[in-house]
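Colleague: Sequence:
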Amino acid sequence: MDDGFLMEVCVDSVESAVNAERGGKARAPRGRGGSAAGPVLTRLSAGAGRIELCAGLVEGGTTPSMGLLQVVKQCVRVPVFVMIRPRGGDFLYSDREVEVMKADIRLAKLHGADGLVFGALTEDGRIDTELCTALLAVCRPLPVTFHRAFDMVHDPLVALETLISLGFERVLTSGCDSSALEGLSLIKRLAEQQTSARCVTSGLFPPGGGITERNLQRILEGSTASEFHCSARSARDSGMKFRNPNVAMGASFSAPEYSIKVADVAKVRTLNAIAKNIL
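As numbered in full-length UniProt numbering, residues 1 to 279 make up the sequence shown, in order.
Just so you know, the hints here were simulated from the structure itself, not pulled from any lab data. Treat the hints with care, since some could be wrong.
Unchecked claim - Here are the simulated DSS-like cross-link-like pairs (lysine-lysine), alpha carbons at most 27 Å apart as the crow flies:
1. K188 - K276
2. K188 - K267
3. K73 - K102
4. K261 - K241
5. K261 - K276
To be verified - Derived DEER-like restraints, expressed as beta-carbon distance ranges:
6. E15 - E213: 18 to 26 Å
7. S178 - E213: 14 to 22 Å
8. G239 - G67: 14 to 22 Å
9. E123 - K241: 48 to 56 Å
10. E99 - A55: 17 to 25 Å
11. G67 - K102: 14 to 22 Å
12. V71 - N246: 27 to 35 Å
13. S178 - S259: 20 to 28 Å
14. S65 - S238: 15 to 23 Å
15. R126 - Q70: 35 to 43 Å
16. V98 - S259: 30 to 38 Å
17. T129 - N246: 44 to 52 Å
18. S259 - V158: 13 to 21 Å
19. N277 - D90: 37 to 45 Å
These figures come from a predicted structure and were not determined experimentally. All residues carry an ideal CB built from backbone N, CA and C; glycine is no exception.
Could you build the full structure based on these sequences and the hints that come with them?
Modeller: Here it is as structure tokens:
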């Protein structure tokens, strides 16, 4: 990586994808079929180096629509890794859910995914090696990240060895804690155990999970990560003028109906600037 680090931003909309990559600056859109409609533009140093494309971020991320993938691929040039998760909740999947995951992987590859992101566990909190092996076979030749299902494993050190042996390129983790900052000591132990393993910290193990402008420096310095994972989102008000306050489209814990969370240009730039100063 030219800058010595890579920022991965998880997004659930075209607007967030564009903000994550470009820092909000205008760019020529892609033409049909993925060809550039204008001159080739290089990645801005202030933007994300990779995007994780999801739906349902309020549930931790689920599989996005293929329409969203198609349009995002037309609008950005950084690699787009697609989340493969058929529902929220745990990571113990039924046979029918596995068939959905395989179908979604095939479709994501067909529509231009640059990589895939999934995770699966057994009922006793271990890596489901049989299922992961089968899904990895469908993913080939694309690179694959094991997502934060890792944070739900019974023994993270054993789980890491298993994932490396299976061929995962990255492990996204918050150190099996509520945030990457809280799980920093485990992230460091994992990195020391396998210096060849690449992790994005949920936050690179990459660290990922609760990464903000206020804690990124401490996380990167403490984890020795060369990648990090964040959403960098802020809420913006809906453009709706008429609003019915008596109806909500989601459950009681869902986001407010007329508040939309999108990747924030200023946050993306600030996080990148912090990482550059450290690495």
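Colleague: Looking back at the numbered hints, which does the structure fail to meet, lowest number first?
Modeller: 18
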